[in-house]
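S.K.: In case you want the letters, here they are:
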Amino acid sequence: MSTHSHTDRNHITGNKTYVIVWAALMVMTAVTVYVSYINFGILNIVIALVVASIKASIVALYFMHLKFEDSITWVFALFPLSLLALLIGMTITDTFTRTIVP
Amino acid sequence: MANHTIAQNVYVPFLEKKGIWSWILTTDHKRIGIMYLISISFFFLVAGVFALMLRYELLTPASDFVQPHTYNVLFTLHGSIMVFFFIVPGLAASFGNFLIPLMIGAPDVAFPKLNLGSYWIYLLGTLIVLIALAKPADTGWTFYTPYSATTDTDVVLITLGVFVLGFSSILTGLNFIVTIHKMRAPGMTWHRLPLFIWASYATSILQLLATPVVGITLLLLITERTLGVGFFDPAKGGDPVLFQNFFWFYSHPAVYIMIIPAMGVISEIIPVFARKPIFGYKAIAYSSLGIAFISFLVWAHHMFTSGISDIAATIFSFLTFLVAIPTAIKVFNWTATLYKGSIHLHSAMLYALAFVFLFTIGGLTGLFLGALAADIHLHDTYFVVAHMHYVMIGGTVMGFFGALHFWYPKWFGRMFNETVAKIAWLFIFIGFNVTFFPQFFLGVQGMPRRYATYPAEFESLMSLSTYGSWILGAGIFIMTVNLIAGLINGEKAPQNPYGSLSLEWQVPSPPPLENFEEIPHVTDWSYGYGKKK
Amino acid sequence: MGDASVEHSHGHHMDPAVEYSSSKLGMWLFLGTEILLFGGLFAAYAIFRAKYPEMFFEQHVELNKKMGAVNTCILIFSSLTMAMGVSAIQRGKQKATAILILITILCGLGFGVVKYFEYSAKFHHHIYPDTSIFFSLYFLMTGLHMLHVFVGLAILSVLFVLTLKGKFNAKYSTPVEVGGLYWHLVDLIWIYLFPLLYLIG
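Protein chains in written order, with my numbering: chain X, 920 to 1021; chain F, 704 to 1236; chain W, 2 to 202.
Pair by pair, the computed Cβ-Cβ distance ranges are:
| no. | chain 1 | residue 1 | chain 2 | residue 2 | range |
| --- | --- | --- | --- | --- | --- |
| 1 | W | G93 | F | P1200 | 47 to 57 angstroms |
| 2 | W | G111 | F | I1079 | 55 to 65 angstroms |
| 3 | W | K172 | X | I957 | 46 to 56 angstroms |
| 4 | X | I957 | F | P937 | 35 to 45 angstroms |
| 5 | X | F987 | F | F1180 | 51 to 61 angstroms |
| 6 | F | T773 | W | F124 | 35 to 45 angstroms |
| 7 | W | H126 | F | T854 | 27 to 37 angstroms |
| 8 | F | A1077 | W | L148 | 39 to 49 angstroms |
Straight-line alpha carbon distances no greater than 30 angstroms define the calculated BS3-like cross-link-like pairs of lysine-lysine that follow:
| no. | chain 1 | residue 1 | chain 2 | residue 2 |
| --- | --- | --- | --- | --- |
| 9 | F | K721 | F | K816 |
| 10 | X | K986 | W | K172 |
| 11 | W | K116 | F | K939 |
Selected chain X positions facing chain F (Cβ under 10 angstroms, derived; list incomplete):
| no. | residue |
| --- | --- |
| 12 | F995 |
| 13 | F998 |
| 14 | L1002 |
| 15 | L1006 |
| 16 | T1010 |
| 17 | D1013 |
| 18 | F1015 |
| 19 | T1016 |
| 20 | T1018 |
It should be emphasised that the hints constitute simulated quantities derived from the structure, not laboratory data. Where a beta carbon is used, it is the ideal one built from N, C-alpha and C, also for glycine.
Please construct the entire structure, taking both the sequences and the accompanying hints into account.
M.R.: Rendered as C-alpha cells:
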C-alpha cells in the first residue's frame, strides 16, 4: 500500500519488476520460435499454446495489474475466457462428431 | 426510507428544460430512457404494421395481396426490426436507463456520456438498416448462409447496421454492470436490490458477452460477400452450419436479453398490487443469473435439423431442459406471491398477470421444441412461430406494456385513463390469443413458416389467426392513443400512487434532475408490503 | 462511501475513488468483449486447423517468421513502455510519462510498417484473403488486430497530447491507466496470433 494516495489505488509497480517481466517475455518468445524449427509432432502445438498462455498471463498479471485488482475484475477477466472455451469446445464437438458428410 | 417532500421549493423536474439541444446532448439517464422509449415504440408500431400486412396476405390461401418475394421481404423486415430495433434494446435500454439509477439510489449511470453515445450509436445503426431498405434483404432476420452469402439483395448494409446496433448494446450493458457494481447508495446491499436490478444485471452480462460473437459472425458474413472468404462456403472448404453455431451463440442468449428484463418488471409489479412481500426473493434474484448462465449452453437447439451431429444435438437437447428450472422457479414464486394477496387489478397488474399466464404457455411449448424428437417434426412450422410469439409478445411485450402503465406516472408526472387502459388490455389479451393459439395447431398439422401461400385445408385456422391480429392491432392502437392522451391532458400524478416501497417512488413525479436531493441511506429491502419484515 | 452523499447533493461529480474503480472495471469489461470478438476467429481457426492440418502446414511456411518475430518483440517492448508510463504518471512524473507514451506510439507505428511490408509481399505473390481458408484466417485475424492497433494508436496519441498539457498527475491518472489496459490487450492478442499463424500453422 502506498502511503501518499488517498484513493483506493493500492499499488505502483516498480520499473525493475517490469523489466524482469519483459525479459521473461522475450526469453519465452525466443523459446517458441526456436522450438518451431524442431518437429515434435502434436507437441509443437501444445508447447506453443502453453508458452503463449504463460506469456499472456504475466502480461495480464503485471503489465495490466490484474494481480492487484479486486475479485470482481478477476471474474470479468476470466469469465469471457470460459465462454470462449465453450464456444470452441462445443462447435468442435459438433463438427467432428457428425455422421453425415456435409 | 426518508421522505423528501420537504424540498419541494427547489425541486426541478428533469423534463423542465425545453428545446431540441436539451435532448440531443443530454446525459440524463431519464431523458436518454425517453429517447429510447420513443424510438423503440416507433419501430414496434412500424414492425407491427408489417405483421398486419403479413397476416392480411395469409387471410386466403393464394398470394393475392403481395407477391411471394415481397412477402419474404416483409417478414425479414418484421423480424429484423422487431428483434434488433425493438425487443433487444427494448425494456433494457428504455426502462433500464430510467430505473436503474433511481432504484439503486444513484444520481445517474456510471458513464453518462457513454450512455448518450450508446443511444446515438443505436440510432446510427437503425439509420444504416433503413438505408439498406432501399434494396431490402430477403434472408429472414437470421441471415443464414449460404443463402445470405449469395442472394443479390443488400445483405452487407443491413448486417453492418445490425453490427452497429450490437455495439450500442455492448456499451449499454457495460455501463449498467459498472453502475450496479459501483453506484449503489449506502445500505443498498445486493440482497436489498429490487429484482428489476437483478434482472437488468443478468441482461447486461448477456449483452456484454454474447453480442461480440454475433458481431464477428456478421463481419465474417460481410467478408464472405466482399472479400471472397469461404468460412461458410462448402465449395471453399467452409461449413455453412458454422455460421449457425456462431449466430445462435449470440442469438439464443439474446432471447433472454429480451425476456429477463420483462421478468424483472413482473417481479416489481406483482408484490405492489398483491400487497404482499415478494415470495422467494433470493430464488428469483439468482434464477435471473441462472437463466443468463444456462442460456449460453443451449444455442444449438435451434439447429437440430441443420445437420449438426447427433451427439451435439443430444447434449444440447438435454441442456435446453435445464432452462426450464430457473424459469419455473420464477413462475412459482410469482404465483406464491399472489396467493392470499389482496389483489388490486390495476392495468399494470393485468399485464403482469397476462405475462405469467401467457409466458407459461410459451415456456411449456418451448419444452416440446427442446425435445429432440419432437423438434424434428415441429421445426420451422407455425408451432415455432406460435411458441416464439407467446414468449416474445406474451412475455416481453406484456412486460413492456405492464412497465409502461406502471411507471408512466413516475416518468411523465401524469396519469392515463385507467378504464380505457383496461379495455385496451382486454382487446390485446383476446386478440393475441386468437392470433397465435391457432398457430400451434397449424404447426402440428405441418404448416411450414415463411410461405405466402398455403393449402386450402388450413384456411379456417389461418383466417382466424388473421382476424385475431386485427383485434390485437386495435387493442394496441387504443392503448397508444390512451397513453398519448394522458401525456397531453392527464391529471397530475402524485408522488407514489400505488404506495410502492422502492426508491423511485420516494422522489417526486417526474423525478428531479439528479434524482435525489440527498443520496438515501437504505435500511431495508423494498418488498415489505402488508407486514413489516 | 460514508460521506459520499454530501458530495452528491451538489453537482454531477462522482467520488474520485468511485470514478477511478468504475473506469477500470468498465475497461476490463470491454476487454472481455474484445476477447469474444476475436473468439469467433479463434473458434474458426480451431475448427479448420483440425479439419485441414495439411493445408495449414503447407501454407503457414509462406508467412515470414522473422517479420512476425520482430513484430512480436516490438509489441512486447511497447507493452513494457506503456506499463512504465502508467507507473510514471502514478508517481506524478509528467515528462517521463509523455516520453514513454511517445515510445509506445512509435513502436505501434513500427509494427504497422512491418505489417505493411508483410501484406504487400503477400499481395505481390498473389496471396489474398480468398486464396484459401488459411489465408482468410491470416488476413482476417491480423487485419482485425491491426484495426485494434490503429484504435490503440489513436487513444495513445490523445493521451500523449493531454499528458503534455499536464492534464494528468499522481492523483488523477485514470485515462492513462485505462488507455494502457487497452494497449496491453493488443499485445495479448498478438501473443496468441503469432504462434498460431506463423509457428504452428
